[in-house]
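Residue numbers (the working numbering), protein chains in the order written: chain A, 1 to 270; chain B, 1 to 359; chain C, 1 to 352.
It cannot be assumed that every hint is accurate.
As the list claims (entries may be wrong) - Each computed DSSO-like pair below joins lysine-lysine, with the alpha-carbon atoms no more than 27 Å apart:
id : chain 1 : residue 1 : chain 2 : residue 2
1  : B       : K61       : B       : K115
2  : B       : K316      : B       : K61
3  : A       : K125      : A       : K138
4  : C       : K149      : A       : K88
5  : A       : K210      : A       : K200
6  : C       : K114      : A       : K88
7  : B       : K285      : C       : K114
8  : B       : K355      : C       : K114
9  : B       : K285      : B       : K61
10 : A       : K126      : A       : K138
11 : A       : K215      : A       : K200
12 : B       : K325      : B       : K200
Just so you know, the hints here were simulated from the structure itself, not pulled from any lab data.
Predicted model, so just to flag it, every value in this text is computed and none were measured.
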Amino acid sequence: MTTIDNRPDLPSDAGPEGQPVLSARGLVKTFGRVVGLDGVDLDLHRGEVLAVIGDNGAGKSTLIKALTGAFVPDAGEITMDGDRVHFKRPQDARAAGIETVYQTLAVAPALDIASNLYLAREERKKGPLGSVFRMLDKKGMRERAEQAISDLGISTIQNMGVAVESLSGGQRQAVAVARAAAFGGRVVVLDEPTAALGVKESGQVLDLVKRLRDKGLGVILISHNMPHVWEVADRIHVQRLGRCAGVITPDSHTMSEGVAIMTGATQLSG
Amino acid sequence: MNHTGKTTLRTRLACGAALALAATSLAACGASGSEDGSVAVTLITKDSINPFFLAMQEGAKQAGKQEQVDVTLAAGQEDGDEEGQIQAIENAIAEGQDGILIVPNGPGVNPAIEKARDSGLYVIALDTPPEPADTVDITFATDNGRAGELVGEWAKTQLGGEKATVALLDLFNDKVVSVDHTRDQGFLTGMGIDTADPLKNGDEAPTGSYDGGDYEIVCNEPTDGAEDGGRTAMENCLNANPDINVVYTINEPAAYGAMAALEAAGKSADDVLVVSIDGGCQGVKAVTDGVIDATSQQYPVEMAKQGVEAIKTIAKGGEAPEPTKGLDFFDTGVELVTDAPADGVDSIDSAAAEKLCWG
Amino acid sequence: MTQPRTEAAPAATTEPDTGSATKEFARRQTPAQRIQHLLHAHPAISPALILVLTFAMFTLLNERFASPTTISLLLQQTAVIACLAVGQTLIILTAGIDLSVGAIAIVSMMVMAKVSIDHGAPGPLALLIGVATAVAAGGLNGFLVTKVKLPPFIVTLGSLSIFTAIALLYTGGQSVQQVDMAPLLSWTGEVIPLGAFPITTGILLVGVVYLVVGFALGQTAWGRHVYAVGDDAEAARLAGISVTRVLFSVYLAAGVIYGLAAWVLIGRAGAASPNGIVEANLESITAVVIGGTSLFGGRGGVVGTLLGAVIVQSFAVGLFLAGVDDQWRLFAVGVLVILAVSVDQWIRRVRA
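The following block holds chain A by itself, in its conformation from the complex (with noise of 0.2 Å):
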């Protein structure tokens, strides 16, 4: 696993401009008859944050399993860097280096934040404690948790110590967002982050997920609230019924010309 600290350097042509960090071409899902995906395509370039937006029923979560690997996609292919992947469960996909920040967070409420940061992939100490006795190394994953927080500049949080459960939605959102950036080498999924939240604390969220984009991370926003979007994203993607309507931009179209092509009022030529 690559912590923050001991990340790789970028490859030089990283960019909205350069090849794709994740690139998906063709995906189809279907469930018995229930057509899921009908031929998306997708490109994610590292340092960019790429909102995915969509009605209910539209395929956004479909899309995202299909990425991260809860599902195997019946047809199409999913590239990272260029490589040719295949997730066949999660972990492959974790192994690839995309972290997913789910809806509900996946974080154990009684245990501490540096437990949660590292929960199944804790480290050991060093040594026979470590090899034989299996003893963990808690003073270091609490140093570097301590690191990994900072580092992305939350401040709210001081004390790696305290359980997960006695902080507010926000921070807790914070941490989720936090074990996914120290460990997802390239690409954090996050999967409605701010729905929860009250207006504060959504905006700590949003800074996050753009500092995750300055550091070079591709990040794929999944939401539902539009201003938040329009407010980081670099691009969107409109899916809809299945396969994707087009990409925008904020720029390109407001939120109501946004949320036309998700309903498919209109059209996006071309």
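We have chain A; now place chains B and C onto it with these hints.
Just chains B and C, lined up with the frame of chain A:
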């Protein structure tokens, strides 16, 4: 009635069926007694697991062979299973048997028993009388009170006037079971200690005099009738009262535990009199080994045997059995077993007891 | 709310305010909240306090309570349940519960004893087979919970009956005496005389079990995963933990512990009896709950369990020495359980 001399003993053990998650009730199948003129009896015990009941089954089988009676064995799945017993009773009625021997699991079986008697079957309760006792024709049982008295009398004689510091290790303290108080109070009666209410343990005067000297009862502790409970009970009693010299135990496993505690505390078998009740083969061995000083032996094998014989007698037109004088049940006997006989108290030694022991 | 992108900057400047606001809030924590935080971090504090109070109370009622002899007896009497309760702790930490605790121990114990007496198996082999039986039983529970996906309460309720019946059918209700078994099987009953405070090897063995399991829970990744699975199984799964494997391993580990408890029980009772430790199932749960481990999973640990087990037995011994009717012990235990669960609910509501 003529028999051709062929032994028609058919026993089919009803399945205890606890291995299947879907508990099934047993079915007792018996011979149809009326068909070929032989007498048919069903023995229904509480369960098929307790060695006491297994001994009864042995006795019934033996009697069946000897008396050429068709004996069917049945039991509830576990102690308390009335449903299983009711089914066995109904099967016996359906097959027109002559009689039923039953160790009732509870008052729920009473209506079935009445039905059986109405259909002409003679019903004998074994070991435990039903509530009320006249639900059955008669009860064959050990006189648990007498069993307690025997070991009490023995202990009294052995003390020879010394002060008795008594520990009473009972069965439960959170429920009332008849065997618990009949034995405990029987023991005290044998010692000559006033028992206050004979249906209650622990309500006696803590100090006073027994037949021969002073006594002090220092504890009534429950053991659940097992070794680990006996040990804990004895440890606690001894910790509070190091001078205990007489220990009454509800049964032999409890006595084993008590002895372990006494030894751990540095007491030798000579310092303390340990008495018990039951007389199963393991218990008799305990007497041989000196772990228990005296125990009262009861005879479940006899109980069942005599039950079968009684039913055969009635079926052939003979007389029904009568309760033993002074009791409201037929006493199947109890003997004091000890290798240190006391004056004035009849006993048999452990070698003899071994031949009679059950389990 | 329409917020064009250019207004992103103001959002950043609000952060320092929240920081200082948080610090101010921390200063204003009431004593109750401080206690709440303390208990949240160290749930074993409540039972530790109760144990101290219990000891003080009973010593006042009868000074014999504090004597080395009494304490030694207390530990000996608690050893078996304390050992069983470790396995129970593991299972309750995963938000499960095991009602078949005592039954598994008894089957294991009887197998150990009978293999030795009926088949002449040497001590170590008999012990191994006995423990293996317990592991198999635990594995059955684990399989039903993880693969067939039945609730632990139901599974262990059923297996309780099954294992009890197996033990009784296998043994015909008969005990096996210590003298008839291989001596290793009752080794746990050997006394190490430390003057007026004798302890048994069984107590030491239970102590080792506590140390090993405590270490595993607190210092290894597996331990963390056990807590995570109990705390929020879905979160654990999404984070990449194999919930099935963790759960199954917990039931297997519990099996080993129950097998060891069976070994300690033989030493204690001087016999292997299918009718022993009647209340073990509920007593082990009581010890775990009073010890501060939450029935809802994810919180607690073995230290609390040990304290809980000692507290329960202290009441039995203490009330006896004080000449109080034993029924009050049941009453007291009931009160303690309710108190423990209430405290658990309270500390869950902790807020930073």
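The hints, checked one at a time:
For the hint linking K61/B to K115/B, the alpha-carbon distance of about 25 Å falls within 27 Å, and the restraint holds. A hinted pair counts as satisfied when its Cα atoms are at most 27 Å apart, and K316/B with K61/B qualifies at roughly 20 Å. Distance restraint check for K125/A and K138/A: the Cα-Cα separation of roughly 8 Å lies within the 27 Å cut-off, and the hinted pair is therefore satisfied. A hinted pair counts as satisfied when its Cα atoms are at most 27 Å apart, and K149/C with K88/A qualifies at roughly 24 Å.
Restraint check for K210/A and K200/A: the C-alpha separation of about 16 Å stays at or below 27 Å, so the hint holds. Annotation: proposed proximity of K114/C to K88/A is violated, straight-line Cα distance about 50 Å (limit 27 Å). Taken as a hint, the K285/B and K114/C pair is honoured in the structure, with Cα atoms around 18 Å apart against an allowance of 27 Å. With a C-alpha separation of about 24 Å, the suggested pair K355/B and K114/C falls inside the 27 Å cut-off, and the hint holds.
Restraint check for K285/B and K61/B: satisfied, since their Cα atoms lie roughly 25 Å apart, inside the 27 Å limit. The hinted pair formed by K126/A and K138/A meets the criterion: a straight-line CA distance of about 12 Å does not exceed 27 Å. At most 27 Å may separate the alpha-carbon atoms for a hinted pair to count; K215/A and K200/A meet this at roughly 23 Å. Under the criterion of a C-alpha separation no larger than 27 Å, the hint pairing K325/B with K200/B is consistent with the structure, at around 25 Å.
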